[in-house]
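Listed here are the chains, written in short residue letters.
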Amino acid sequence: MIKIRVNGKPVAIHDEDKTLLDVIKEIGINIPALCYHPGLPARGSCRLCVVEITKPSWNGRSKIVTSCLYPCEDGLEVLTHSPKVIKLRKVIIKLLLARCSDSKELQELALQYNADVSRFGTKENEKCILCGLCTRACEEMGIEAISMVNRGWKKEVAPPYYEPPENCIGCGACAEVCPVGAIELTETNGIRRIWNREFEIQKCVECGKYFATVAQLEHLHNKYGIPLKDLKTCPECSKKRVGTVLKKTFFD
Amino acid sequence: MIKTIEELRNLAADYKKALGHEKMKILVCAGTGCMSSGSLKIYEALKKIVTEKGLYVDIDLIKEGKKGGVNVSPSGCHGFCEMGPLVRIEPQGYLYVKVQEEDAQEIVENTVEKGEVVERLLFKNPETGQTYETSKSIPFYGKQNRLVLEHCGTINPESIKEYIALGGYQTLADVFEMSPEKVCQTILKAELRGRGGGGFPAGIKWDSVRKEKADQKYVVCNGDEGDPGAFMDRSIMEGDPHRVIEGMIIAGYASGATKGYIYVRAEYPLAVKRLKTAIEQAREFGLLGKNILGTGFDFDIKINKGAGAFVCGEGSALTASIEGNRGMPRTRPPRTVQKGLFQKPTVLNNVETFANVPLIISKGVDWYLKIGTKGNPGTKAFALTGNIVNTGLIEVPMGTTLREVIYDIGGGIPGGKKLKAVQIGGPSGGCLTPEHLDLPMDFDSLKSVGAMIGSGGLVVMDEDTCMVEVARFFMDFTQKESCGKCVPCREGTKRMLEILEKIVAGEGTMEDIETLEILAETVKDGSLCGLGKTASNPVLTTLKYFRDEYIAHVKEKVCPAGVCKAFKSYCIDPELCKGCGKCSRVCPNSAITGKIKNPFKIDKEKCINCGACANACPFNAVKEG
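Protein sequences, first through last, are from chains A and B.
For the first sequence, our numbering gives the first residue as 1, with consecutive numbering after it.
For the second sequence, our numbering gives the first residue as 1, with consecutive numbering after it.
It is possible that part of the hints are untrue.
Unchecked claim - When the alpha-carbon atoms are kept at most 30 Å apart in a straight line, the in silico DSSO-like pairs for lysine-lysine are as follows: (1) B:Lys582 with B:Lys597; (2) A:Lys55 with B:Lys533; (3) B:Lys211 with A:Lys3; (4) A:Lys155 with B:Lys533; (5) B:Lys533 with A:Lys87; (6) B:Lys447 with A:Lys90; (7) A:Lys63 with B:Lys533; (8) B:Lys374 with A:Lys63; (9) A:Lys154 with B:Lys502; (10) A:Lys154 with B:Lys565; (11) B:Lys524 with A:Lys25; (12) A:Lys127 with B:Lys480.
These are calculated hints, taken from the structure and not from any lab test.
Using the sequences provided together with the hints, build the complete structure.
See below:
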């Protein structure tokens, strides 16, 4: 068992693989973490989840670390809202807002942290904050249709050669995880549009609801060998069907 | 193939005997600088003439009993780059500077045949007119302590035999008779600190990797020297590649690693070539590969060429790049010693650090600790560039003052100008001022004034340098080189650059300076890796020591050094103008008009303040202001 203190309050941790952010969230402290998603590997790039840590043995020295990646070490004293942390978070919010001035999510954060952006000259009307959640989600799906291209200020998320990505399956995981709604995904009449490509959406053979792109189902079929016909039912109807079978077997 | 430690020792003794048997040795600098000035042609010419005269002797061929002859050999960088191409004559120690191909005949006839010095090729102090026969007598060399660079310029870097003859790989033989733990302890006791910039004790790294349990461990040599104006590591790799390899093998033995990687910039083709040759030779001699010297220890080295991203000099970005991924840093922990290259425990040191290792083990910890300052033992190589008389590669004990480096070794500032600042450590370092002239240069003292040794680039700047422009230059560099992963570095450096551009354009406000400071602190505290954490240093130190210059740009709208174009304006003095029209012809923006033989006029709206007219006017009629 690991014992740490968060903002002076002792916390006991049983799972040693937990990061500081996991613990901070669990005890109900809210800190922003835009590039974090519980289902994806942490990256530490937005730097908003920074906290100040120290240990009694450090002779008064402290460190600023990203809580999404920092492991829980016994004896750590964590400050989630120290003056140093607040100051840093505030400037980072300002920097992000200067880049994406129309983002509602960032405007809300700016309000919370009293961050006024006026000093940073030109405002850009970017949507993407380059947190990399979309590229990580795509990678985890085993597709890698999009990735980060270029570096520094010119960095952006794009498919290879900025062309409609051939290997994209239109699953929409990228748009789903985007914390600022920067990835455009539209659906009309059974057609999904994303990354300049159009995907046919499968209608559930039972309830008739559109639920996943055909390409996505084919990907599942190819990857896990599930027969295509079994994939044409939406998740809810599938559950219902299983439920019915179970009920018949055990109760009827 | 050498099979045992004893065999290696015997071989070294043989080579040593052969080495001293030539009558004379002519060493032609074949470092990148001298080579680009045509030193290889000089080498070919010298070799041809010496051979024609029947004097040439190959060191390989000298056996017992056969003495005499002249050997001509290319060598690594001699360091005195300002005066290249350089030719050194041993054992006399004569140093010929700015040698041309045509001088070869004279060198052979006078020096080789008659034993006389060619006076006109000797180094002459431009101020006193004094000439120096030997390199040792020149203050540039006399004040240095070349230990790591001892072979740079004195041996043929493409000959493993010469390296072995001078005691090379003997340390490795000694190391194999020690336990890995003892080797780590020796490096720890010698307090060897990483020469790549951070100054982290190498012994701690080695010992941590040694203690890690893993099926595979790695040794990685960082040769991705990306700082503008730095060329220490390049010179070592070019001039003494075997020393780096020996250091790496020792690190491998001490830490339990069996594979090594050298990450070199592809912009260093000569270093890559020499390292490749050296690795092949070491393999042939059985010093790399399986069961080295019959000890059962396996170690081999691979070269990885970097594609020129500055961030790849950062440890975790470098390992990512070797793995074939994008060169982007990651957050620690886990540290490189736990999960480095391919997620395995890795010893990662830079070229100069590895080059120190054979020296420490062969000469002993006590000897090493006597050089340098307390807590910062040993020497440091610096690349001396900028407004300095003797540009070049130098090596001095840690703790040598800036004054000794700039005035005694560097020969001071050219043109009798005053020293304004020294940028140390490249874009990650800070500016030092004349008040720091007596500051001992070592890791801790430099850190205390907001600078860092970095890899060792020293850019000297005279009074005509605008410090705001210097800060802008470095910010432009880091901004372009930021990998873009984390927000403070990606967005922060861009915003800082915007502000600095505004200030040098004469549009800055006092509020901008304040914002610049806040941003600098954020980028420093909030960035993910070393590139971002140190990117603010040039801004922070110039703001600290030259704040008045920033204020002059903002409030008085002047650039005190007269560099920033925005504050310049030109006009033509009608009294002096003879109406020749030269100014009008050179003006790139057609801003000057007039009739021939009548005074010309500059249209201020069109003028871009380039100063071309002022340079072109034969009558000094174009005035600034």
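For each hint, the structure was consulted:
1. Between the alpha carbons of Lys582 of chain B and Lys597 of chain B the distance comes to roughly 11 Å, so the proposed pair stays at or under 30 Å and holds.
2. Note on Lys55 of chain A and Lys533 of chain B: the hinted pairing holds, with a Cα-Cα distance of about 22 Å set against a maximum of 30 Å.
3. Pair hint Lys211 of chain B plus Lys3 of chain A holds up; C-alpha atoms about 26 Å apart against a cutoff of 30 Å.
4. Our distance criterion of 30 Å between C-alpha atoms is met by Lys155 of chain A and Lys533 of chain B, whose separation comes to about 20 Å.
5. Among the hinted pairs, Lys533 of chain B with Lys87 of chain A is consistent with the structure: their alpha-carbon atoms are about 16 Å apart, no more than 30 Å.
6. For a cut-off of 30 Å, the pair hint linking Lys447 of chain B to Lys90 of chain A stands: about 28 Å separates their Cα positions.
7. For the given pair, Lys63 of chain A sits about 13 Å from Lys533 of chain B by alpha-carbon distance, which is consistent with the 30 Å threshold.
8. Distance restraint check for Lys374 of chain B and Lys63 of chain A: the Cα-Cα separation of roughly 27 Å lies within the 30 Å cut-off, and the hinted pair is therefore satisfied.
9. The straight-line distance between the Cα atoms of Lys154 of chain A and Lys502 of chain B is roughly 21 Å, inside the 30 Å bound, and the hint therefore holds.
10. Restraint check for Lys154 of chain A and Lys565 of chain B: the C-alpha separation of about 28 Å stays at or below 30 Å, so the hint holds.
11. A hinted pair counts as satisfied when its Cα atoms are at most 30 Å apart, and Lys524 of chain B with Lys25 of chain A qualifies at roughly 27 Å.
12. With a CA separation close to 22 Å, the supplied pair Lys127 of chain A and Lys480 of chain B stays within the 30 Å bound.
Violated hints for the displayed structure: none, as all numbered hints are satisfied.
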